[in-house]
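Trainee: Read off the chains here:
Protein chains: 2
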Amino acid sequence: MKLSQVGEFGLIDLLKRGLPTAKSVKKGIGDDCAVVEWDKTRYMLLTTDMLLEGIHFTPKDAPVAIGHKAMAVNLSDIAAMGGSAKYALVSLGLPPASPVERVKQIYQGMQRLGRRFGVSIIGGDTNRSNKLTINVALIGQVDKKHLVRRRGARPGDAIFVTGPLGDSYRSRHHLNFMPRLKEAGLLVRKYNPQAMIDISDGLIADLYHILEASGVGARLHEEVIPRRGECPLERALYDGEDFELLFAVGKSDARRLLRQRDINVFCIGEITKRKNKLEMINKRGKTVHLLNTGYRHF
Amino acid sequence: MKLSQVGEFGLIDLLKRGLPTAKSVKKGIGDDCAVVEWDKTRYMLLTTDMLLEGIHFTPKDAPVAIGHKAMAVNLSDIAAMGGSAKYALVSLGLPPASPVERVKQIYQGMQRLGRRFGVSIIGGDTNRSNKLTINVALIGQVDKKHLVRRRGARPGDAIFVTGPLGDSYRSRHHLNFMPRLKEAGLLVRKYNPQAMIDISDGLIADLYHILEASGVGARLHEEVIPRRGECPLERALYDGEDFELLFAVGKSDARRLLRQRDINVFCIGEITKRKNKLEMINKRGKTVHLLNTGYRHF
Numbered sequence: 001m002k003l004s005q006v007g008e009f010g011l012i013d014l015l016k017r018g019l020p021t022a023k024s025v026k027k028g029i030g031d032d033c034a035v036v037e038w039d040k041t042r043y044m045l046l047t048t049d050m051l052l053e054g055i056h057f058t059p060k061d062a063p064v065a066i067g068h069k070a071m072a073v074n075l076s077d078i079a080a081m082g083g084s085a086k087y088a089l090v091s092l093g094l095p096p097a098s099p100v101e102r103v104k105q106i107y108q109g110m111q112r113l114g115r116r117f118g119v120s121i122i123g124g125d126t127n128r129s130n131k132l133t134i135n136v137a138l139i140g141q142v143d144k145k146h147l148v149r150r151r152g153a154r155p156g157d158a159i160f161v162t163g164p165l166g167d168s169y170r171s172r173h174h175l176n177f178m179p180r181l182k183e184a185g186l187l188v189r190k191y192n193p194q195a196m197i198d199i200s201d202g203l204i205a206d207l208y209h210i211l212e213a214s215g216v217g218a219r220l221h222e223e224v225i226p227r228r229g230e231c232p233l234e235r236a237l238y239d240g241e242d243f244e245l246l247f248a249v250g251k252s253d254a255r256r257l258l259r260q261r262d263i264n265v266f267c268i269g270e271i272t273k274r275k276n277k278l279e280m281i282n283k284r285g286k287t288v289h290l291l292n293t294g295y296r297h298f
Numbered sequence: 001m002k003l004s005q006v007g008e009f010g011l012i013d014l015l016k017r018g019l020p021t022a023k024s025v026k027k028g029i030g031d032d033c034a035v036v037e038w039d040k041t042r043y044m045l046l047t048t049d050m051l052l053e054g055i056h057f058t059p060k061d062a063p064v065a066i067g068h069k070a071m072a073v074n075l076s077d078i079a080a081m082g083g084s085a086k087y088a089l090v091s092l093g094l095p096p097a098s099p100v101e102r103v104k105q106i107y108q109g110m111q112r113l114g115r116r117f118g119v120s121i122i123g124g125d126t127n128r129s130n131k132l133t134i135n136v137a138l139i140g141q142v143d144k145k146h147l148v149r150r151r152g153a154r155p156g157d158a159i160f161v162t163g164p165l166g167d168s169y170r171s172r173h174h175l176n177f178m179p180r181l182k183e184a185g186l187l188v189r190k191y192n193p194q195a196m197i198d199i200s201d202g203l204i205a206d207l208y209h210i211l212e213a214s215g216v217g218a219r220l221h222e223e224v225i226p227r228r229g230e231c232p233l234e235r236a237l238y239d240g241e242d243f244e245l246l247f248a249v250g251k252s253d254a255r256r257l258l259r260q261r262d263i264n265v266f267c268i269g270e271i272t273k274r275k276n277k278l279e280m281i282n283k284r285g286k287t288v289h290l291l292n293t294g295y296r297h298f
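Protein sequence lines, in the order shown, are assigned to chains X and V.
First residue of the first sequence? That's 1 in the working numbering, and the numbers climb one at a time after it.
First residue of the second sequence? That's 1 in the working numbering, and the numbers climb one at a time after it.
If you're looking for bench data, these hints aren't it; they were derived computationally from the structure.
Watch out, some of these pointers could steer you wrong.
One copy or any two copies: either way a pair holds, since identical chains are not told apart in the list.
[What the hints assert, rightly or not] Below, in silico cross-link-like pairs of lysine-lysine (BS3-like), each with a Cα-Cα straight-line distance of 30 Å or less:
#, residue 1, residue 2
1, Lys-144, Lys-26
2, Lys-26, Lys-104
3, Lys-144, Lys-190
4, Lys-40, Lys-2
5, Lys-104, Lys-131
6, Lys-273, Lys-16
As the structure is a prediction and not an experimental result, all values here were calculated from the model.
From just these sequences and the hints, can you work out the full model?
Mentor: Pasting the structure below:
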């Protein structure tokens with residue numbers, strides 16, 4: 001069997017089987033970050049993302065933007081757990097003919113965004129490679145009482161996203177987006193999010209991750225799904241790399257959130273009891289079922 | 001200017017300039033691991049290494065061995081600081097046509113070695129890639145009183161290595177070596193190593209790292225430099241990827257170490273006062289100077 005036949009999630013399922021984990025590991029593979037004990041009040045959050053030329057960026061993209069993205073996708077994972085970021089390790093695979101200036105700019109892109117969110121780049125590795133390859137591993141922290149996972153959504157919770165969706169590639173949003181750390185910080189301090197994820201595989205695919213982890217269903221309302229630049233609905237639902245937060249909040253917290261407006265959010269639906277069922281009320285008031293088809297990595 | 005002109009260490013120097021680091025960072029870029037505060041008695045150690053097909057392994061190498069190496073090179077960095085390993089994050093870039101079995105075996109190689117040293121693989125990332133690419137980020141810990149860095153060697157200290165050197169590629173040692181974590185643990189508990197590094201760039205290049213960081217020189221004795229399979233001296237001095245520990249120990253600790261023999265070690269010389277000067281007494285009793293030329297990554 002080839003990788004292209006089992007797909008990314010099939011592969012992850014295979015690999016995590018039989019992975020022994022120490023007692024200090026609260027959550028291993030299967031959420032936006034791994035979660036381990038740090039001290040009495042804090043968990044450590046750990047995440048990593050590899051960016052490859054020709055897949056996550058093109059040789060023509062500005063090096064500062066490539067560096068920005070490499071840091072941002074990891075920061076987005078930390079945000080999705082309600083945490084803050086601290087340390088980064090950066091591995092670079094570089095073609096020997098790369099101009100040094102280009103490498104410096106990639107680094108600048110990472111550093112500038114990192115600094116904004118209090119990240120220190122404390123280590124790394126550099127190698128020869130045919131194609132530019134960047135791996136960032138990010139270590140963060142979260143107050144134990146503020147940890148938010150994919151599981152925890154309850155029937156009746158309202159579903160929110162932090163920004164318009166779709167067309168991330170065409171609009172170049174995927175290269176210059178701002179990870180939602182500030183929003184996540186406010187959310188966990190004020191609004192008790194019950195489940196959260198960052199949208200990297202697409203709204204529907206990532207909402208299914210929450211539904212599966214929480215053992216619930218959901219109902220979306222087409223009219224209120226925010227789209228980037230009025231893009232077709234299809235793209236808002238299925239495009240990847242939006243990097244907005246998708247989260248579930250109890251009803252009274254949801255009302256406060258909508259009233260106070262200290263975070264830019266869009267309420268797009270509610271959690272239901274119907275396990276793993278995702279439906280949408282379309283513009284004509286009809287209920288349609290949305291299947292779990294997201295971005296395929298292989 | 002191209003990367004191939006500035007080389008890896010020139011690049012690292014460029015990149016680490018102006019890197020702001022938080023107060024909790026005891027050591028950033030420039031040692032085998034980064035060192036940050038964990039709690040009252042422990043530091044956290046962080047390291048990362050990227051392995052690329054065609055550079056660190058070939059498509060013909062056994063997948064279990066490739067996985068083993070990806071974990072081992074990182075464990076070796078933790079050993080070099082006197083620590084133990086805890087958590088690993090694994091990023092894979094995989095050709096879509098890869099047989100799933102091959103990927104499982106790579107993972108098995110990592111897991112088996114990780115388990116032996118108490119490492120939990122707690123997260124990762126998988127991507128499509130033309131060539132197999134593996135990045136491991138490893139988080140470990142060290143008792144504050146046991147931390148060993150590159151700096152700290154003092155004139156008069158004896159210089160040791162933990163095994164024979166050279167011919168690592170030809171002998172396939174680079175694919176199946178055992179990282180010296182056990183030896184490092186014994187060393188820091190019993191023999192007060194003053195400075196330590198793992199030999200990845202070659203004996204001479206890595207000894208220079210200790211000399212530069214410590215502001216000292218060294219004298220080696222050709223006769224006692226252990227060579228893998230009687231390989232030529234040149235290779236024992238300059239080949240990379242031996243992954244033995246190279247360390248400096250005070251005289252009386254050195255005598256105890258040689259007497260007790262609870263660690264397999266070879267005494268190869270002594271630290272001198274002559275800053276950044278590295279000489280060797282050859283078999284005819286002549287003193288020769290050894291220049292700082294190690295493995296070039298670019």
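Trainee: So, for every hint listed, does it hold in this structure?
Mentor: Going through the hints against the structure:
Taking CA atoms no more than 30 Å apart as the test, Lys-144 paired with Lys-26 passes in both settings, with 11 Å inside one copy and 25 Å between copies. Taking the shortest alpha-carbon separations for Lys-26 and Lys-104, only the inter-copy value of 24 Å comes in at or below 30 Å, while the best intra-copy value is 37 Å. Proximity of Lys-144 to Lys-190 under the C-alpha cut-off of 30 Å is restricted to the intra-copy arrangement: shortest distance 15 Å within a copy versus 38 Å between copies. Proximity of Lys-40 to Lys-2 under the C-alpha cut-off of 30 Å is found in neither arrangement, the shortest distances being 45 Å within a copy and 49 Å between copies.
In this homomeric assembly, Lys-104 and Lys-131 come within 30 Å of each other (Cα to Cα) both inside a single copy, at 17 Å, and across copies, at 25 Å. Taking CA atoms no more than 30 Å apart as the test, Lys-273 paired with Lys-16 passes inside one copy only; the shortest distance there is 28 Å, against 52 Å between copies.
Of the hints listed earlier, the one the structure fails to meet is number 4.
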